[in-house]
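Asker: Now for the letters of each chain:
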Amino acid sequence: MTKQELQQLFKNEILPENENPYHFQESPAASFTIEAYNSMCGDKYTLYFNTSKGQITSVYFYGFGCALSKASISILCKNMEHLSPKNITALSDQFIYAMDQDHPTENADKKIQMLQQLKHFDGRVDCIKLGWEAVRNHFENTAL
Amino acid sequence: MYLDNAATTQRTQSVVAAQSHFDLYENANIHRGIYDLSNQATQKFENARIEMARFLGSNNADTVAFTQGTTASINIVAQSFLAPRLQAGDNIVTTIMEHHANFIPWQMLAEKHQVELRIVPIDKNGDLDLVQLSNFLDRKTKLLAVSHISNTLGTIHPLDEIIGLAKRKDIPVLVDAAQSACYFEVGVDLLNCDFLTFSGHKMFGPFGIGILQVSEKYLADMMPYNYGGGIIKDVNVEKTSFRNFPHNLDAGTPNVSGVIGLAAALKFITGIGKSEMQSHLNDLTYYALDQLAQVPGIEIIGNPKKRIGIISFNLKNIHPHDIASFLNKDGIALRAGMHCTQPLLNAMGLHATARVSFSIYNNEEEINKLVVSLKELMKFWS
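Residue numbers (this note's numbering), protein chains in the order written: chain U, 11 to 154; chain C, 26 to 407.
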């Protein structure tokens with residue numbers, strides 16, 4: 011990625027999401043929470059899940075991290091709403107697979123597509139995957 | 026433009042050549058062969074130990090052990106020296122400023138042996154609280170472990186004073202000299218400490234080789250910590266007896282070519298002179314502090330009384346990782362994150378910082394470029 015491409019990416023995609031993240035606030039009354047923490051760099055977020063009848067009704071998040079991790083979790087939170095745990099596991103699995111593999115993976119959401127195109131972003135893939143991995147690890151082992 | 030010298034320095038051609046020459050033409054296992062090639066390798070290895078002792082101001086090469094690096098050296102002291110003498114009710118004193126390598130080994134020992142870990146705090150400038158340090162040291166203190174220079178803030182700790190406080194109570198002192206051995210005159214005799222640890226790769230030498238120097242007072246207390254060939258006096262079915270320090274640590278085959286490379290690094294450093302290098306680093310540090318202050322939205326982390334070579338900073342609203350990614354596109358290599366000092370950052374209310382760290386090959390022109398890049402980034406971000 012050239013410097014110009016990096017600037018375009020941040021200007022058009024990352025910074026707007028970073029500056030206006032989806033549901034970026036604490037939600038103490040949430041049904042349960044998941045922590046996304048990268049001990050190598052200190053990025054740390056709490057994801058707050060509200061549930062009803064086996065469905066995720068809304069997801070909030072709050073914490074500290076780089077523009078990429080924040081933008082990525084913002085996109086993740088928006089996409090998890092109204093999904094079942096099974097579907098969230100599938101969504102996060104598919105995303106992480108797409109980030110780790112050379113083969114492109116289809117996804118209807120344009121912002122998720124944008125994130126997946128950053129799989130070769132030197133040294134920053136862990137930032138992008140942070141929230142997705144936390145969510146996958148949680149729902150792989152825990153029901154609602 | 027390489028500004029991550031606190032992580033590792035670039036190797037000199039002489040280091041690479043010395044290692045490569047050994048690997049290509051002189052390679053043999055040491056202390057075991059009866060043939061010329063092995064004898065020559067042994068001689069080079071042991072000569073390097075003598076040269077290292079001299080580098081540390083000592084004429085006793087038996088105070089010097091080759092290890093895998095600073096982390097290994099500290100862990101050896103933890104397991105070989107300290108663990109056997111800990112009793113419930115004892116305490117270990119370290120500081121909040123330490124690299125994880127000089128923090129976690131003590132924390133683990135404290136937990137395992139039910140002893141207290143006393144952690145010296147810092148003031149708002151990033152200097153150690155020496156009054157608290159002094160209060161922490163008592164007759165139950167079994168070790169004081171402190172770095173010479175903070176790898177995050179660049180603070181130079183007043184070792185004379187700190188070690189003096191411990192010595193008055195006959196407390197053994199370990200100094201982590203990872204950030205200072207290259208530029209400062211250090212050694213257990215010079216500093217009046219008991220354990221000195223540092224890594225070759227932060228002083229133009231190879232990866233995977235480091236030093237543990239032990240004061241003569243505690244040489245006999247250094248027990249083997251892992252077992253195997255090369256460290257024994259006598260092995261019987263009933264019992265094994267061991268050689269003395271430093272030869273009781275080198276179970277298995279040591280990193281011989283690493284030692285050869287490190288010896289070449291010592292020659293390089295001695296050739297330039299530590300005071301010359303220190304002076305350059307000092308000038309560069311204060312030039313950088315002046316120039317960085319002109320970047321809008323910058324916060325320099327810490328303002329210690331004495332500092333050198335390392336500057337941590339944050340830019341308003343820009344995460345250090347994003348700073349590092351953008352500066353990378355300008356060909357600038359700097360570090361972002363917690364720098365293996367999470368307790369320090371927590372204590373300062375920080376999640377992460379960007380860090381620049383200099384060496385002898387850096388110059389003012391590079392700092393000017395750094396400042397231009399940071400200003401451009403701030404403009405772009407806002």
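Derived by calculation from the structure, the hints in this document are not laboratory data.
From a predicted model like this one, the values you see are computed outputs, not experimental measurements.
It is possible that part of the hints are untrue.
[Unchecked claim] The calculated lysine-lysine pairs, modelled on DSS-like cross-linking and capped at a C-alpha distance of 27 angstroms, are:
1. C:Lys-69 to C:Lys-258
2. U:Lys-121 to C:Lys-258
3. C:Lys-400 to U:Lys-13
4. U:Lys-13 to C:Lys-330
5. U:Lys-21 to C:Lys-192
6. C:Lys-341 to C:Lys-330
7. C:Lys-258 to C:Lys-192
8. C:Lys-165 to C:Lys-192
9. C:Lys-354 to U:Lys-21
10. C:Lys-258 to U:Lys-54
11. C:Lys-292 to C:Lys-149
Asker: All hints, please: hold or fail.
Answerer: Going down the list of hints, with the structure as the test:
A distance of roughly 23 angstroms separates the Cα atoms of Lys-69 of chain C and Lys-258 of chain C; the hinted pair therefore holds under the 27 angstroms criterion. Between Lys-121 of chain U and Lys-258 of chain C the alpha-carbon distance is near 67 angstroms, which puts this suggested pair outside the 27 angstroms criterion. Between Lys-400 of chain C and Lys-13 of chain U the alpha-carbon distance is near 15 angstroms, which keeps this suggested pair within the 27 angstroms criterion. Under the criterion of a C-alpha separation no larger than 27 angstroms, the hint pairing Lys-13 of chain U with Lys-330 of chain C is inconsistent with the structure, at around 38 angstroms.
Only pairs whose Cα atoms come within 27 angstroms are accepted, and Lys-21 of chain U paired with Lys-192 of chain C is rejected, the gap being roughly 58 angstroms. Note on Lys-341 of chain C and Lys-330 of chain C: the hinted pairing holds, with a Cα-Cα distance of about 25 angstroms set against a maximum of 27 angstroms. Note on Lys-258 of chain C and Lys-192 of chain C: the hinted pairing is violated, with a Cα-Cα distance of about 34 angstroms set against a maximum of 27 angstroms. Annotation: proposed proximity of Lys-165 of chain C to Lys-192 of chain C holds, straight-line Cα distance about 14 angstroms (limit 27 angstroms).
Only pairs whose Cα atoms come within 27 angstroms are accepted, and Lys-354 of chain C paired with Lys-21 of chain U is accepted, the gap being roughly 16 angstroms. About 52 angstroms separates the Cα atoms of Lys-258 of chain C and Lys-54 of chain U, which puts this hinted pair outside 27 angstroms; it is violated. For the hint linking Lys-292 of chain C to Lys-149 of chain C, the alpha-carbon distance of about 39 angstroms lies beyond 27 angstroms, and the restraint is violated.
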